[in-house]
Amino acid sequence: MNVTPVPIAKHVPLRRWFVARKMSARSLVFGLTLITVSYLVLVPLLMLLYASVKSTEDKLPFESTVTTLSNYTAVFTSSSTLPIFLNTLFFTAGSLFIGLPLAILLAWLLERTAIPARAWIANLILVPMTIPSLLSAIAWIQLLDPRIGLVNIVLRSALGMTGDTGPFDIYSLYGMCFVQGLRLVPSAYLMIAASFRAMDPSLEEQSAMAGRGVAQTTLRVTLPIMRPALLAALIYFIVVVIESFDIPGLLGFTARIRVLSTAIYWATHSEVGLPDYGLASALGTIVLAAALLLMWNYQRLTAHQERFATITGKGYRPRQLKLGVWSVPAMVLCVSYVLIVVLLPFVMLLWTSVQPFYAPPSAESLGRMSFDSYYKIWHESSVVRALWNTMVLALVTSIATILLAVLVSWFVVRRRRQTDGFAHYLATVSFLPQCVPSIVIGLACIFVYVRFPVPIYGTLWIIALAMTTRYLAFSSRTTTSALMQVHGELEEASQMAGAPWTRTLRRVTIPLLAPAIINVFLWVAVHAMQELSMALMLYNPDTVVVSTMIWSMWQNGRTADAAVLGVVLTGLSALLLLGGHVLSSRRHSNS
Amino acid sequence: MIGVKDLVKTFPGTRGEVRALRGVSFEVGKGELFTLLGPSGCGKTTTLRCIAGLEQPLSGDIWINDRVVFNAADGVFIPPEQRRIGMVFQSYAIWPHMTVYQNVAYPLTSDISRKEIGERVAGILERLGLGPLGDRLAPNLSGGQQQRVALARALVAQPQVLLLDEPLSNLDAKLREQMRFELKALQESFKITTVYVTHDQEEALALSDRIGLMHEGTLLEVGAPAELYLRPAHKITADFLGNANFIPARVEVHEKQLGAEILVATPLGNFVAQRGAEWQVGVPSQLFFRPEYVDLLDDADGAVNGLNRGCGVVERVSFLGNSTDVIIRCGEIALHARAHPACLPAVGKRVCFHVAPSSCIVFAA
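So the protein lines, in turn, are chains A and B.
The letter at position 248 of the first sequence is residue 248 when you use my numbering, and the numbering goes up by one with no holes.
The letter at position 247 of the second sequence is residue 247 when you use my numbering, and the numbering goes up by one with no holes.
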């Protein structure tokens, strides 16, 4: 009991305080929340650090007694690891170079200009978010495979090229950058459009009143004001790319190009020889340090951004720029983006799923079209198991995450004024997983649970545990900002009406947070269904999930089956998101 | 009924602790409406929240209805949900996800039958003129209706104490005046002991049985509205309640005049005035009187001589409808006078005035 902090001035005897029964329920929950969050986040990270300084010749890290820095020296001196760093650098820079400018341009066009069909384009841009990135990599392979990629075939015959490869090769760093860069666009667009929207339009109008034209206003007012937001987005997406596993994993597998995240995976899942946990944990620690440093800067920037007072409560619609003759190229850009980046990969995926073996669309292959795979695939017991496991995993993870997130945010927000520092600690630790790449969490969970007294290793629960840790950061952030919008007096009124803490939470706080809770629940569920890297690190044949199934089917050349499962997974995700959308719009029209 | 003794409350600030309350003590009698009045940041809301139990004081005692709800020395702290107090918040805190009925019934659901709950909620809604609105959701209510719902919710469990935190500050001027009288009538008919917090002096004067004036974490002065307004004991009270003229003054021959009235010399002339509680022999003084007690004299020349008189030049006149504000320039001093609306002296004209000795008070400067 003495670990639970007591929210009362020091000179008042503790015992008397606890006599007030209702308060002790709250302290108990607070203590449990603190312990759970600390355990989930800190223990795996400490294990990772520990493992990285243990010599692991043929051993698991904690079986080793030798403490050494050899893992690190090996990483920095070995000729086999140097390319990993260079590849990661190139991959990160290249992806951002493709993704961010496109997202900024789209956000500017849709937020600041009078482009036609604005709402349609804005919604279509977001559609790729429902497709797991593993699947978009597969779809782009169908299009850009040097030999059988549709685009390459069309280009070869159009340009009269001889030979049966090229001109594009997706199995290269450029290909990885291209697919990953496009993959960033929807979420980068969301983030940047939000800061365009948050900007007080009168700042721009003032510049117009002072006689400046569009170009001058954009250069001298809009962009400088947006700079912290853009810089923050840049840092945020650097971390996203460093963390990303699916695309470099799939494309780099064929091309033998490894980046940090995939190198960690292959170090522990070597095709030849034993897993090298020492190398993996040293690489993991390095990625972690880089991500921490970046996220720390991101935090600083976004805290600064709030002080920049871009947000006002005024609901003015910003002035929208008339594009004039420019509306034609702007529309061409948007429409071709939607067609090429949004629709084409999805159509390719559907096409692949109805072909017995992969063949580019032609009169001949059209004849072979059949939905057989959609039926046959369910005869495989492992596919059924994978689907079932995925559902269970999504449900368990989202329930656990939202529960923890609501509690964390309640204590963070409502205990802010207390000086014991626990609220700050809770906020920091629960956000920490945002800086921990999924593959690293997966690796660390192996270390923690492989010899754990409770036989949790090799069950679905360990995957759920890893995912809960990872998604706690986003979830608690979201519920925290939602709870900040709930005036404290609404809860105090319930207290004054005689309701104890638990009743206040149940009847007032949670109903008021319902929209945020539903959103977070669905977000976590969709992410848990699509997640690959943590599942890949922690699954076994019994706990196979859809994403790992697609991964191994692809590795084994079962393209059609992989595509079928991909379509099913995408459909499920879309269904969940659509359901959430309907639910939240119904709530809106009700009140 | 309610007692507060030596209440001290600190908040963590950016540079060490901020003392929000520095030893506040007062008692409120049964059925009394007691107002804590003061500018923002004076500690009035903190005091109210300490009584409610929403804040934990550092030291002091609080008792409600002979029950000790807080005693720092013995470590007694009754949590707010067990204090059985009705409270109306500044934001009203109407739960937007519940109907009016659900909001008002909320404090009742513990041990009362469903039927009785229905009757009591209907009763209080009727009493507050909310009868037909029971099924409405809170966001679909006007400001005045939300205010009534908050009141109904605070009163439905028949608490013996009602706390009101700036309940009228979110209403527009006209409605505020109307609600002021309704609130008073309601409080009297329920005979409920009430602590009312406001920064609006007019509201405080109109509603209260007694007013406690707070200043920088201390309770400066307690008294009936007329008492505080007419005979403030402190300069801060005089300044905060209503408008005030302060004129530098020097006490003449104080030895002989230690009675209630003393003679002071000011740049305007000599004045006979009441002695304020703060005034002490030998301290630089200020003469205080309110603009509405400045009588403008018709006879501009004959009045120069004599006590409690002065002359100056009209600097500015603003017509306010129910009165006229006149600024009279007397050398360094700009004097504020409030005259009958029909009185509109020309700017630049020389005027003389008189202030009755009973309306003048001398404070320490």
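Some clues are possibly wrong.
Across the chosen pairs, the derived CB separations fall in these ranges [as the list claims (entries may be wrong)]:
id	chain 1	residue 1	chain 2	residue 2	range
1	A	L234	B	T109	50 to 58 Å
2	A	R416	B	E116	52 to 60 Å
3	A	G213	B	D135	30 to 38 Å
4	A	M209	B	A346	55 to 63 Å
5	B	D6	A	R417	34 to 42 Å
6	A	S481	B	R114	21 to 29 Å
7	A	L292	B	R114	40 to 48 Å
8	B	N170	A	F97	45 to 53 Å
9	B	Q82	A	T113	53 to 61 Å
10	A	S481	B	K174	54 to 62 Å
11	A	L126	B	D135	37 to 45 Å
These aren't lab readings, by the way, just hints derived from the structure by calculation.
Built from N, CA and C at the ideal position, the CB exists for glycine as well.
Ascending list of hint numbers which this structure does not respect: The structure breaks hints 2, 3, 4, 5, 6, 7 and 10; every other hint is satisfied.
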